[in-house]
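Here are the chains, one letter per residue:
There are 4 protein chains.
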Amino acid sequence: MDSIKKLTELFAKFPTIGQRTAGRFVSYLIGQNKQEMDELIKAIQELKNNVKLCSFCFNPYEADGTLCSICQNVSRDKQLLCIVEKEADLASIENTKKYSGLYFILGGMVTLRKIDGSNLRITELKDRIANGKFTEIIIALNPTPEGKSTSLLIEREIKELSTLKPLTFRLTHLAQGLPVGGELEYADEETLESAFEGRK
Amino acid sequence: MDSIKKLTELFAKFPTIGQRTAGRFVSYLIGQNKQEMDELIKAIQELKNNVKLCSFCFNPYEADGTLCSICQNVSRDKQLLCIVEKEADLASIENTKKYSGLYFILGGMVTLRKIDGSNLRITELKDRIANGKFTEIIIALNPTPEGKSTSLLIEREIKELSTLKPLTFRLTHLAQGLPVGGELEYADEETLESAFEGRK
Amino acid sequence: MDSIKKLTELFAKFPTIGQRTAGRFVSYLIGQNKQEMDELIKAIQELKNNVKLCSFCFNPYEADGTLCSICQNVSRDKQLLCIVEKEADLASIENTKKYSGLYFILGGMVTLRKIDGSNLRITELKDRIANGKFTEIIIALNPTPEGKSTSLLIEREIKELSTLKPLTFRLTHLAQGLPVGGELEYADEETLESAFEGRK
Amino acid sequence: MDSIKKLTELFAKFPTIGQRTAGRFVSYLIGQNKQEMDELIKAIQELKNNVKLCSFCFNPYEADGTLCSICQNVSRDKQLLCIVEKEADLASIENTKKYSGLYFILGGMVTLRKIDGSNLRITELKDRIANGKFTEIIIALNPTPEGKSTSLLIEREIKELSTLKPLTFRLTHLAQGLPVGGELEYADEETLESAFEGRK
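Here the protein sequences come in this chain order: A, B, C and D. Oh and the first sequence: position 93 is 93 in this note's numbering, straight run, nothing missing. Oh and the second sequence: position 122 is 122 in this note's numbering, straight run, nothing missing. Oh and the third sequence: position 33 is 33 in this note's numbering, straight run, nothing missing. Oh and the fourth sequence: position 96 is 96 in this note's numbering, straight run, nothing missing.
Among the hints, erroneous ones may be present.
Stated by the list, open to error - To be clear about the criterion: a stretch of chain C counts as covered by chain D if any three or more of its residues have a C-beta under 8 Å from a C-beta of chain D, and this derived list gives those stretches: (1) 3-15; (2) 25-31; (3) 42-53; (4) 134-143; (5) 175-185.
Just so you know, the hints here were simulated from the structure itself, not pulled from any lab data. Ideal placement from N, C-alpha and C gives every residue a C-beta, glycine not left out.
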């Protein structure tokens, strides 16, 4: 296959990118000079060589050592653990600056094809919990069908741990309700229900 | 002014309708036969003549008596009061079938132009509360800036009542958080914050 | 049926309006005072009583006489006839101020259900053409499947006229091509084809 | 700068890509294994090494020789030249399968910052025309303000050629008008004007 087609095909696998935009990416690169293309190649190579996954939370990082900057940070609260699907969710939560505990990146969701969670880091999660001293574990998954199935699976797995030693933490979930700026009139029924049920 | 222009102008004041759609409404009516136009005229006339506002909650209704069907319903819980902005919000909440108390339609929101709430039914609300035996009053306003200002105003007014007699009800608000189907990655910061703060 | 439901149902038949917006219209009217509702009722009544269809082109109007203001206008070019589907299309063309001839409103399109054009003013159109002295007849229908089927039907019917007397006019169609502000890259194939075929 | 930031920055320069999507691209790559990253690196390297611009029309290609597959194709009509802004436009026109002549990629548009066309291949275009035997030259630029300014500039430059030798080709433009599926009622005024002016 020629390189234009090959590269278009690879770009079309990028998240949210279709065939047409992939083609525009290739056109864009063709319009760049050799030096600019080398810069891109080099950046991908360095990503490949330098980025590691944190040995505790699986967050990608590229410093020395085996822990990411959050897990290394002595001022973070080691008694809180927040379970997220992927690093983009971790980044969103960090942006709010309202959470100062640790994270654990699950690496995916239960899907119709992988209903047993074999694509998730369940074993590692149980290991972190068994060896930690958490007072609260927050399940911060999307309030989507996949997120809810995943949440149920995790809860079951975590509860199994209690057969080994008594669990001393609270297990919490993010609040569901009306989003900021939302309107009752246009809210879907289920959101309005959870806003009512969670009132306080 | 001729009737085409006049009617276009009146339709253009309907919510969400601009000049162009108003014009299409008039074209549509011109295309109707006389009998169909009479039917529309009659329906508006009956609306004008028959619809009353409930003497307790201000919900429009057209039965006999002075109370709407909700306020008349003996099986509704008279110890719960839910304050909403407008009847469309009441209808949304009724749709969820999760609330069985009474309502009070405030009739608007605090706006930048009417910052004192003089366009709202504050006096009537205080009267209902002073004469009721509520155990919970739910402020169910949109989590928008207007909704929050209105909420603050209502809370202050309600607390003033306590100088007359001790208040025995809880004052609650709908939960804010991630809407059903939402995603952490795309949630705005403030929504994610409230989802975190309201976790349980 | 009560008047709220009845009126909601009638508004939901308005073009582009669904059940929910129809409900908002009714709420809006309930919020109006009696005088404002009377104003709306009166405007619809006057529309019903005063608006006539032009005896030549079927454009709605409400002056004295049997012709609309365009057909009455002595400075319009009586040798040009522009066939449109509906008055909104006539209004769009008038807005461009580039056409100074007469119009004929066909009153609809060929549809899958009415494939014979029995819902259109074909007879009246043929009458206007047979009795006119046109040098050009412009078929100004939407370049949609319905518009194209309708166009074919009209052309066939117009050509039948030539068995009675020789036709002396040109039959033209609006140009198809790239819309102003459009982009080749995103144009659909058929539009780009017609832009190519119509190049000059 | 670390490689995550660096690569995010480079992806954010891709057409239509913002900071957030660029970040998702990087996350996606981190989730790939080394072999998949190598495949991407290799494809970009081959693009850099193999892709040339056609010595006649500037279309990128990667075969042997100095001409792209279109310019090499003996069955293409060498008397037709179609001037386009960029290869995506060429690809769109090829998709219609209605044009069998040659192309010339201008490499950009007149912009407010480059009003003199110094960023365009004007010299090369004049060279191709002076040395060709064209019967028609089609200016196939977007009907946008930039496209129209560019079109004017090209026409002026082409006409200058006639001081050297008599020009024997027609200079044409793509048709402007209603796009397929468009509606008169919603067409912008200028599009409707050109549909009227170009009627036939």
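Exercise. Looking back at the hints listed earlier, which ones does the structure fail to meet?
Worked result: Structure breaks hints 1, 2, 3.
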